[in-house]
Amino acid sequence: MRREDDPYLRRRYGIPEPTRSPLKKWFLPALLLAVAGGSWLAWSANHYSRPEIRSTLISFTAIDVSHMQIRYSVDFRTSSKAHLCQLIARDYAANTVGEITDRFPAGTFTPVTLVRTIPTRVAAVNAAILRCALS
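According to the working numbering, the sequence shown is numbered sequentially starting from 40.
It is worth saying that the hints were derived from the structure and are not from the lab.
Do not take every clue at face value.
As the list claims (entries may be wrong) - DMTMM-like cross-link-like pairs, simulated, lysine to aspartate or glutamate; straight-line CA separation at most 25 Å:
id, residue 1, residue 2
1, LYS64, ASP44
2, LYS120, ASP141
3, LYS63, ASP45
4, LYS64, GLU91
As the list claims (entries may be wrong) - Simulated restraints on C-beta separations:
id, residue 1, residue 2, range
5, THR147, ALA101, 26 to 32 Å
6, SER98, ALA69, 47 to 53 Å
7, SER105, ALA167, 54 to 60 Å
8, ALA133, ASN85, 32 to 38 Å
9, ALA84, ALA132, 38 to 44 Å
10, SER119, LYS63, 27 to 33 Å
11, ARG110, PHE66, 54 to 60 Å
Ideal placement from N, C-alpha and C gives every residue a C-beta, glycine not left out.
Please put together the full structure from these sequences, using the hints given.
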């Protein structure tokens, strides 16, 4: 017989009788934490994998010294709101040399692929979508 199981030693040293197995002591808190953590993980994966506005740069081409052409696509989760996208052209030193803003009125059906020409003040070497947001 083990010393921990001796009723005389338990009474003498004030060791309480075991009420639950060690498994049951941590099972309920672990289950609650797993449910809360799993719910949060599912919500965050769903929320952040479907952004409000998704924009993709397809290509850009330097037409001449004062124009850069950009081809891009946008997809809005809700077309009931107006959106805008800022497009920029940069020179060799990554300075912004041209910028335009595309406005999409409420009710625009997406996804849509657009080709725009950005006027520049000097020769540009690349173009980018600076941001797309609700207007």
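We went through each hint and held it up to the structure:
As the CA atoms of LYS64 and ASP44 are separated by approximately 20 Å, the hinted pair is consistent with the 25 Å bound. The straight-line distance between the Cα atoms of LYS120 and ASP141 is roughly 14 Å, inside the 25 Å bound, and the hint therefore holds. With a C-alpha separation of about 23 Å, the suggested pairing of LYS63 with ASP45 holds against the 25 Å cut-off. Annotation: proposed proximity of LYS64 to GLU91 is violated, straight-line Cα distance about 44 Å (limit 25 Å).
Here the CB-CB span from THR147 to ALA101 is close to 28 Å, well matched to the stated 26 to 32 Å. At roughly 51 Å, the beta carbons of SER98 and ALA69 sit within the given window of 47 to 53 Å. Look at SER105 against ALA167: about 18 Å separates their beta carbons, and that is not inside 54 to 60 Å. Checked against the given bound of 32 to 38 Å, the beta carbons of ALA133 and ASN85, roughly 36 Å apart, stay inside it.
Separated by about 40 Å at the C-beta atoms, ALA84 and ALA132 satisfy the suggested range of 38 to 44 Å. The hinted range of 27 to 33 Å is not satisfied by SER119 and LYS63, whose Cβ atoms lie roughly 52 Å apart. Take ARG110 and PHE66: their Cβ atoms lie about 57 Å apart, and the range 54 to 60 Å holds.
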